[in-house]
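Top to bottom, those sequences are chains F and S.
Here the first sequence is numbered in the working numbering, starting from 1 and rising by one per residue.
Here the second sequence is numbered in the working numbering, starting from 1 and rising by one per residue.
Some hints here could point you the wrong way.
[Unchecked claim] Here are the simulated DMTMM-like cross-link-like pairs (lysine to aspartate or glutamate), alpha carbons at most 25 Å apart as the crow flies:
hint: 1; chain 1: S; residue 1: Lys135; chain 2: F; residue 2: Asp44
hint: 2; chain 1: F; residue 1: Lys49; chain 2: S; residue 2: Glu124
hint: 3; chain 1: F; residue 1: Lys129; chain 2: S; residue 2: Glu42
hint: 4; chain 1: S; residue 1: Lys39; chain 2: F; residue 2: Asp86
hint: 5; chain 1: F; residue 1: Lys78; chain 2: S; residue 2: Asp101
hint: 6; chain 1: S; residue 1: Lys14; chain 2: F; residue 2: Asp44
hint: 7; chain 1: S; residue 1: Lys14; chain 2: F; residue 2: Glu47
hint: 8; chain 1: S; residue 1: Lys135; chain 2: F; residue 2: Glu47
hint: 9; chain 1: S; residue 1: Lys6; chain 2: S; residue 2: Asp101
[Stated by the list, open to error] To be clear about the criterion: a stretch of chain S counts as covered by chain F if any three or more of its residues have a C-beta under 8 Å from a C-beta of chain F, and this derived list gives those stretches:
hint: 10; stretch: 58–66
hint: 11; stretch: 72–78
hint: 12; stretch: 92–101
If you're looking for bench data, these hints aren't it; they were derived computationally from the structure.
Even glycine gets a Cβ: it sits at the ideal position worked out from N, Cα and C.
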Amino acid sequence: MQPEGFSAISWAGGWEIAFLGFLIVFMGLGLLAAAISVLHRVLDFFEKKEQKIAEKKQETFFETASQEKPVLVLAREKGLRESYQDYALLSEIMPSPLSLSALLEAASGRGVRRCHAVLADLLKAGVLKADGKGYYLWDQALFEALMGGE
Amino acid sequence: MQILDKSMLRILEKTPLLRHVSMESIDILSSYLDLLSLKEGEELYSWGRAAEALYLSVSGDFLMAFPDGRSFTLHGSGKIIGMNSLLPGKHYTARAIALTDSLLMALYKEKWFRLLRDNPLFQEQVERSVRNYLKARRKGEDSTIFLMDSDRSWGDD
Numbered sequence: 001m002q003p004e005g006f007s008a009i010s011w012a013g014g015w016e017i018a019f020l021g022f023l024i025v026f027m028g029l030g031l032l033a034a035a036i037s038v039l040h041r042v043l044d045f046f047e048k049k050e051q052k053i054a055e056k057k058q059e060t061f062f063e064t065a066s067q068e069k070p071v072l073v074l075a076r077e078k079g080l081r082e083s084y085q086d087y088a089l090l091s092e093i094m095p096s097p098l099s100l101s102a103l104l105e106a107a108s109g110r111g112v113r114r115c116h117a118v119l120a121d122l123l124k125a126g127v128l129k130a131d132g133k134g135y136y137l138w139d140q141a142l143f144e145a146l147m148g149g150e
Numbered sequence: 001m002q003i004l005d006k007s008m009l010r011i012l013e014k015t016p017l018l019r020h021v022s023m024e025s026i027d028i029l030s031s032y033l034d035l036l037s038l039k040e041g042e043e044l045y046s047w048g049r050a051a052e053a054l055y056l057s058v059s060g061d062f063l064m065a066f067p068d069g070r071s072f073t074l075h076g077s078g079k080i081i082g083m084n085s086l087l088p089g090k091h092y093t094a095r096a097i098a099l100t101d102s103l104l105m106a107l108y109k110e111k112w113f114r115l116l117r118d119n120p121l122f123q124e125q126v127e128r129s130v131r132n133y134l135k136a137r138r139k140g141e142d143s144t145i146f147l148m149d150s151d152r153s154w155g156d157d
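Using the sequences plus the hints, can you model the full thing?
As structure tokens, this is what we get:
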């Protein structure tokens, strides 16, 4: 005679099988929950990696002021040397750190020749350096070196 | 329709603002852009003016000056100017001046909205890209744009 009810379950090893099934299902769910909880970190990691690669590519592509050679291009042009000297003088008179817009306005007001292009040249050569707060510092030593010891 | 040359398309392709935008969408975008050249010393826009266009530099040097005396400069290609134009009802918070002869690609607001309306796929891609770009700006990942004219820390919008 075959056992019936709970005895039959026990006889056929049903409790162990049920427990094993329970364990497998809950372990699976646990692993799934853990994977979902860290999914955003994995995605962030790949996104950042992608961004870094794109930024590296960009760095090599875009022209930046820092990559350019420290040279005052327009200083070689006839009559423009004086414009650079005017800026040097203004940088001495004006309060430091310099407001670039005020410096440009002062240069324009004094009739400095090609004041916009000369300002761009000074910036690209690094004579005028950003202080990181929206103002600029004049590097007199570099200016003199670039102007040929003046 | 404005025809852009290959180097200009390359600038669009590489700009951080369009990082998540497909090449097909960039092609579509290029047909909505206008070219604008500025002479040395010419003003692009002034603070307080309604932000009507977004600019992307092709060449040249620019001074972005704020009313409180602070400023920053942008040099060369691929620089974004006038981000406020992407937001409705905004004004420029800086004055943009070309320091040297410059060339820009301009996306005027009405064209921008038409582009988004006509191209839902582009809208999805570009919105994601703009969101990421603004997020990166807030984190200060791009050192050249911490003083951008739409930065709220600079006060008057």
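To see whether the hints hold, each was checked on the structure:
1. S/Lys135 <-> F/Asp44: Roughly 13 Å separates the two Cα atoms, so the pair holds.
2. F/Lys49 <-> S/Glu124: Satisfied, since the Cα-Cα distance of roughly 22 Å is no more than 25 Å.
3. F/Lys129 <-> S/Glu42: Since the Cα atoms of F/Lys129 and S/Glu42 sit roughly 23 Å apart, the hinted pair holds (cutoff 25 Å).
4. S/Lys39 <-> F/Asp86: Given pair S/Lys39, F/Asp86 holds - Cα atoms ~22 Å apart, limit 25 Å.
5. F/Lys78 <-> S/Asp101: holds, 19 Å
6. S/Lys14 <-> F/Asp44: holds, 21 Å
7. S/Lys14 <-> F/Glu47: holds, 17 Å
8. S/Lys135 <-> F/Glu47: With Cα atoms ~13 Å apart, S/Lys135 and F/Glu47 stay inside 25 Å; holds.
9. S/Lys6 <-> S/Asp101: Roughly 21 Å separates the two Cα atoms, so the pair holds.
10. 58–66: holds (count 4)
11. 72–78: It holds, with 6 qualifying residues against the three required.
12. 92–101: Since three or more residues must qualify, the claim that chain F covers the stretch 92–101 of chain S holds, with 5 doing so at under 8 Å.
The structure is consistent with each of the numbered hints, conforming to all of them.
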